[in-house]
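When you line the sequence shown up against my numbering, it's residues 20 to 163, in that order.
Derived from the structure by calculation, the hints contain no laboratory data. Note that this is a predicted model, so its numbers are computed, not measured. All C-beta atoms in this analysis are idealised placements derived from N, C-alpha and C, irrespective of residue type, glycine included. There's no promise every hint is true.
Claimed, not checked - Below 25 Å or equal to it, Euclidean Cα-Cα: the simulated DSS-like pairs (lysine-lysine) are:
| id | residue 1 | residue 2 |
| --- | --- | --- |
| 1 | Lys-104 | Lys-155 |
| 2 | Lys-139 | Lys-104 |
| 3 | Lys-137 | Lys-68 |
| 4 | Lys-139 | Lys-68 |
| 5 | Lys-68 | Lys-104 |
| 6 | Lys-155 | Lys-112 |
| 7 | Lys-29 | Lys-137 |
| 8 | Lys-137 | Lys-123 |
| 9 | Lys-112 | Lys-30 |
| 10 | Lys-51 | Lys-29 |
| 11 | Lys-123 | Lys-30 |
| 12 | Lys-137 | Lys-85 |
| 13 | Lys-30 | Lys-139 |
| 14 | Lys-123 | Lys-85 |
| 15 | Lys-123 | Lys-68 |
| 16 | Lys-51 | Lys-30 |
| 17 | Lys-112 | Lys-68 |
| 18 | Lys-51 | Lys-68 |
| 19 | Lys-68 | Lys-30 |
| 20 | Lys-85 | Lys-112 |
| 21 | Lys-155 | Lys-51 |
| 22 | Lys-112 | Lys-139 |
| 23 | Lys-85 | Lys-29 |
| 24 | Lys-85 | Lys-68 |
| 25 | Lys-51 | Lys-112 |
| 26 | Lys-155 | Lys-30 |
| 27 | Lys-29 | Lys-68 |
| 28 | Lys-104 | Lys-137 |
| 29 | Lys-155 | Lys-29 |
| 30 | Lys-51 | Lys-104 |
| 31 | Lys-123 | Lys-139 |
| 32 | Lys-123 | Lys-155 |
| 33 | Lys-30 | Lys-85 |
| 34 | Lys-139 | Lys-85 |
| 35 | Lys-139 | Lys-51 |
| 36 | Lys-112 | Lys-29 |
Stated by the list, open to error - Distance windows between CB atoms, simulated:
| id | residue 1 | residue 2 | range |
| --- | --- | --- | --- |
| 37 | Asn-126 | Arg-61 | 20 to 28 Å |
| 38 | Lys-85 | Glu-110 | 23 to 31 Å |
| 39 | Ile-105 | Ser-81 | 30 to 38 Å |
| 40 | Ala-73 | Asn-52 | 26 to 34 Å |
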Amino acid sequence: MGELLEIWLKKNHGDPMIQLTEAELIAGEGIKNSAIEPHADRQVTVLSKESWEAATESIGESVDAKERRANFIVSGVVLEETIGKILQIGELKIEITGETVPCKLMNEVSEGLRDALKPKWRGGVTGSVINDCLVKNGDSVSWL
Numbered sequence: 020m021g022e023l024l025e026i027w028l029k030k031n032h033g034d035p036m037i038q039l040t041e042a043e044l045i046a047g048e049g050i051k052n053s054a055i056e057p058h059a060d061r062q063v064t065v066l067s068k069e070s071w072e073a074a075t076e077s078i079g080e081s082v083d084a085k086e087r088r089a090n091f092i093v094s095g096v097v098l099e100e101t102i103g104k105i106l107q108i109g110e111l112k113i114e115i116t117g118e119t120v121p122c123k124l125m126n127e128v129s130e131g132l133r134d135a136l137k138p139k140w141r142g143g144v145t146g147s148v149i150n151d152c153l154v155k156n157g158d159s160v161s162w163l
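Using the sequences plus the hints, can you model the full thing?
As structure tokens, this is what we get:
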């Protein structure tokens, strides 16, 4: 079983992410007050700490996972090849809708990071929120 380590909110596109200790999620929309458009397949993003560390180690850098701009940073779960599966964080259920494809901004964080995130879905996953829920750091993370 995994753990929710960090929660990040993007209030406006291009703005710095805001770290939270808990977040309210709305079914079919995502994190309350998020800049992500409601009802999109990409309502939330999830990043594995272990995958991030493997990517940054492969380029010889130590880069904070917040630079990936994912909503949830988790540990103890494998995210690769999980489209259609249900990830549970606390009582929250997220249907995985796809891989978060690394964008060119990752190379602005650290040269070579974009390519380092491509194998094994190291860049994380996107998902749709199934139920209204409050999550907090330390919540358990598992597959249903």
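Against the structure, the hints come out as follows:
1. Taking the CA atoms of Lys-104 and Lys-155, the gap is about 22 Å. The hint holds against a cut of 25 Å.
2. Of the pairs offered as hints, the one joining Lys-139 and Lys-104 holds, with about 16 Å between alpha carbons and a cut-off of 25 Å not exceeded.
3. In summary, the hint linking Lys-137 to Lys-68 is supported, as the alpha carbons are separated by about 15 Å, within the 25 Å threshold.
4. Taking the CA atoms of Lys-139 and Lys-68, the gap is about 13 Å. The hint holds against a cut of 25 Å.
5. A hinted pair counts as satisfied when its Cα atoms are at most 25 Å apart, and Lys-68 with Lys-104 qualifies at roughly 19 Å.
6. As the CA atoms of Lys-155 and Lys-112 are separated by approximately 14 Å, the hinted pair is consistent with the 25 Å bound.
7. Between Lys-29 and Lys-137 the CA atoms are separated by roughly 23 Å; this keeps the pair inside 25 Å, and the hint holds.
8. A distance of roughly 12 Å separates the Cα atoms of Lys-137 and Lys-123; the hinted pair therefore holds under the 25 Å criterion.
9. A distance of roughly 22 Å separates the Cα atoms of Lys-112 and Lys-30; the hinted pair therefore holds under the 25 Å criterion.
10. Proposed proximity of Lys-51 and Lys-29 is supported: the alpha carbons are some 10 Å apart, at most 25 Å.
11. Straight-line distance between C-alpha atoms of Lys-123 and Lys-30 comes to about 21 Å, which keeps the hinted pair within the 25 Å bound.
12. Under the criterion of a C-alpha separation no larger than 25 Å, the hint pairing Lys-137 with Lys-85 is consistent with the structure, at around 17 Å.
13. Pair hint Lys-30 plus Lys-139 does not hold up; C-alpha atoms about 29 Å apart against a cutoff of 25 Å.
14. About 16 Å separates the Cα atoms of Lys-123 and Lys-85, which keeps this hinted pair within 25 Å; it holds.
15. For the hint linking Lys-123 to Lys-68, the alpha-carbon distance of about 20 Å falls within 25 Å, and the restraint holds.
16. For the suggested pair Lys-51 and Lys-30, the alpha carbons sit about 9 Å apart, so the restraint of at most 25 Å is met.
17. Proposed proximity of Lys-112 and Lys-68 is supported: the alpha carbons are some 20 Å apart, at most 25 Å.
18. Under the criterion of a C-alpha separation no larger than 25 Å, the hint pairing Lys-51 with Lys-68 is consistent with the structure, at around 24 Å.
19. The suggested pairing of Lys-68 with Lys-30 holds, with an alpha-carbon distance near 23 Å, which does not exceed 25 Å.
20. Between Lys-85 and Lys-112 the alpha-carbon distance is near 22 Å, which keeps this suggested pair within the 25 Å criterion.
21. Note on Lys-155 and Lys-51: the hinted pairing holds, with a Cα-Cα distance of about 14 Å set against a maximum of 25 Å.
22. At most 25 Å may separate the alpha-carbon atoms for a hinted pair to count; Lys-112 and Lys-139 meet this at roughly 23 Å.
23. The suggested pairing of Lys-85 with Lys-29 holds, with an alpha-carbon distance near 11 Å, which does not exceed 25 Å.
24. Distance hint between Lys-85 and Lys-68 is fulfilled; the C-alpha atoms sit about 10 Å from each other, no more than 25 Å.
25. Under the criterion of a C-alpha separation no larger than 25 Å, the hint pairing Lys-51 with Lys-112 is consistent with the structure, at around 15 Å.
26. For the given pair, Lys-155 sits about 18 Å from Lys-30 by alpha-carbon distance, which is consistent with the 25 Å threshold.
27. Taking the CA atoms of Lys-29 and Lys-68, the gap is near 19 Å; set against the 25 Å cutoff, the hint holds.
28. For the given pair, Lys-104 sits about 20 Å from Lys-137 by alpha-carbon distance, which is consistent with the 25 Å threshold.
29. Of the pairs offered as hints, the one joining Lys-155 and Lys-29 holds, with about 17 Å between alpha carbons and a cut-off of 25 Å not exceeded.
30. Taking the CA atoms of Lys-51 and Lys-104, the gap is about 23 Å. The hint holds against a cut of 25 Å.
31. A threshold of 25 Å between alpha carbons decides the hint, and for Lys-123 with Lys-139 the separation of about 18 Å falls inside it, so the pair holds.
32. The straight-line distance between the Cα atoms of Lys-123 and Lys-155 is roughly 30 Å, outside the 25 Å bound, and the hint therefore fails.
33. In summary, the hint linking Lys-30 to Lys-85 is supported, as the alpha carbons are separated by about 15 Å, within the 25 Å threshold.
34. Only pairs whose Cα atoms come within 25 Å are accepted, and Lys-139 paired with Lys-85 is accepted, the gap being roughly 19 Å.
35. Taking the CA atoms of Lys-139 and Lys-51, the gap is near 30 Å; set against the 25 Å cutoff, the hint is violated.
36. Restraint check: the Cα-Cα separation between Lys-112 and Lys-29 comes to about 20 Å, which is no more than 25 Å; the hinted pair holds.
37. Range check, Asn-126 to Arg-61: Cβ separation about 21 Å, and the 20 to 28 Å hint holds.
38. A hinted range of 23 to 31 Å holds for the C-beta pair Lys-85 and Glu-110, which are about 25 Å apart.
39. One distance hint, 30 to 38 Å for the beta-carbon pair Ile-105 and Ser-81, holds here, with the actual separation near 33 Å.
40. Evaluation of the 26 to 34 Å hint for Ala-73 and Asn-52 yields a pass: the beta carbon distance comes to about 32 Å.
When held up to the earlier numbered hints, the structure conflicts with 13, 32, 35 and fits the remainder.
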